[in-house]
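Asker: Residues per chain are reported as follows:
Number of protein chains: 2
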Amino acid sequence: MTVSREIRLKSRPVGMPTDANFELATVTLPDPGPGEVQVRNSWMTVDPYMRGRMNDVKSYTPPFQIGEALQGGAVGEVIASNDPSFKAGDLVQSFFGWREAFNAPAAMVQKLETHGLPPQAFLGVAGMPGMTAYAGLLRVAALKDGDVVFVSGGAGAVGQIVAQIAKIKGHTVIATAGGADKVAYLKSLGVDHAIDYKVETDLTAAVLRAAPDGIDVYFDNVGGAHLEAALNAARPFGRFALCGAISQYNATDMGPGIRGLIQAVGKQLRLEGFIVSTHADMQAAFVADMAKWIAEGKLTWQETVEDGIARAPAAFLKLFSGGNLGKMLVKLS
Amino acid sequence: MTVSREIRLKSRPVGMPTDANFELATVTLPDPGPGEVQVRNSWMTVDPYMRGRMNDVKSYTPPFQIGEALQGGAVGEVIASNDPSFKAGDLVQSFFGWREAFNAPAAMVQKLETHGLPPQAFLGVAGMPGMTAYAGLLRVAALKDGDVVFVSGGAGAVGQIVAQIAKIKGHTVIATAGGADKVAYLKSLGVDHAIDYKVETDLTAAVLRAAPDGIDVYFDNVGGAHLEAALNAARPFGRFALCGAISQYNATDMGPGIRGLIQAVGKQLRLEGFIVSTHADMQAAFVADMAKWIAEGKLTWQETVEDGIARAPAAFLKLFSGGNLGKMLVKLS
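Those protein sequences? They're chains E and S, same order as listed. Residue numbers for the first sequence follow the numbering used here, beginning at -4 and rising by one. Residue numbers for the second sequence follow the numbering used here, beginning at -4 and rising by one.
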């Protein structure tokens, strides 16, 4: 028997979540049943998209249920196996995050080959956030030679990879982030124009100072005023990959709306929303490119780590206050 | 010498244009110079996009100049030619609308083969508005089998063609228009669900009553609340062809913005603005398809006609008050 602590959804957040929306519970796991494995998680991820699953609305993933453990990406180690395809000590990846340990059918965990990377990289640069950056920039935004690239949330888990892939491919890159430390990080990545959105009163003007002739590609992680600035600064045939809108996730009403969308007609802009799983066919190319870029020292990343399952809600909340530089993670063992 | 009356831009409209923004002037044309033709216009078009050219802003077409005759599509007859490629009596098409007659280099007018259609059809169904519908629906929105199609401004010059092409191709079509006569016209075209937006208080609810499972394609001629309803009613992977936003053309500020655009992420929507001239490579296919559909009696159209150059401003203003059923035209001779 294994004791595991887990974070459950206690109540659905209205607006910005608080600690009171979460509860820490302790469960005792039986030995794994036939065909099951028992896994001790070493790392779990918190991601902005999880906010949407806390609402009781139908979306591309079903809502979290009150009183049940939350879910999300995790890496860990098999500590007991009742299935011939796994043995104790195997490193695995799963969607059973937000808990210290779990039993699951063997088919619901995947063996993880780290290729020399730290295992938690597969929750960030080498995992879903990295793949999101790769597919969004190269396929959805259809990056092509000469494009000027603007990315919002450039110092976040996805944005830091977008900015670097665009630089590797030789583009002029404009990125926003909040605060001097994040701006310094963006500059260390080689970003051409790092904008501190917390000190700029006019984002459109700031983007146009950086790119007087306008932008061709916008990778949106933030929404709201950032998206409006991109519409205003876009050149004809600009392409927007709409990945997320963290500025809007805690809104309690429809808000003021996006002004200036009418420019999409005259400028012939394309705005396209996407979910990374739709582009799973790019996985092999993603792995090959990322391995090469990391090995060559061309691509790096930052992590912000909270320690222990009890800190998982705090880690999640920091996503919305800008408390993370790069990928936000929780170390579990 | 030929006397011609023309409409000039007297002042730039602020908000909704009025008669006072236009002036009627009389000019005397000399005989056509070497390489020139003289044309008497029989029909001219007024189109919503012209409102944008009345503002002093850079766009995909240059702004109209104060004190100069406006421009736009026209068909007419050569009445004198000083160029071997044209002779008196030739039917021609040009962008020298808003005037009764003009001299121009021969290269700036095109001979018009009517293929049995009335000449003014080449300002509507067989011209730019028809081609806009064709390219927007088939290429920009990438219409495919099974799509449920929603078009706003369905009884306008472009909308009436969008609705009919979608019906010819076997789709369920939802269209909006303002007023009982336009709704009756839409029903006569075979539109499955005709919505009178002037009586509906909740457009989203109206669209979802018509298409309980949502829409796949939205062809936007209106913007504003129509675009919001389309976002709310869209199914995953919906495609929006952004053709125009007549509800916004007279706005004097950025307005309240489009609410609900964030849904583009989770639903993986694509919103794409377009200008018909970008899709000129589809011209041959457009002509072939339209000729066939018209000959088979599958595609029809309505016109609203004002008589005489002096009525051209009134015809233009009716576009914004919904005074046109189908294509708005001015008969000049």
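Certain hints may be false.
Copies of the same chain look alike in the list, so a pair counts if it works inside one copy or between any two.
[Unchecked claim] With a cut-off of at most 27 Å between alpha-carbon atoms, the simulated DSS-like pairs for lysine-lysine come out as follows:
(1) 313 <-> 182
(2) 262 <-> 182
(3) 262 <-> 53
(4) 139 <-> 53
To be clear, the hints were calculated from the coordinates, so they are not data collected in a lab. None of these values were measured; they are calculated from a predicted model.
Asker: Taking the hints in turn, state whether each one holds.
Answerer: Evaluated hints:
{"no.": "1", "hint": "313 <-> 182", "in the structure": "within (23 Å within a copy, 54 Å between copies)"}
{"no.": "2", "hint": "262 <-> 182", "in the structure": "neither (30 Å within a copy, 34 Å between copies)"}
{"no.": "3", "hint": "262 <-> 53", "in the structure": "between (34 Å within a copy, 11 Å between copies)"}
{"no.": "4", "hint": "139 <-> 53", "in the structure": "between (35 Å within a copy, 26 Å between copies)"}
Violated hint: 2 only; the structure is consistent with all others.
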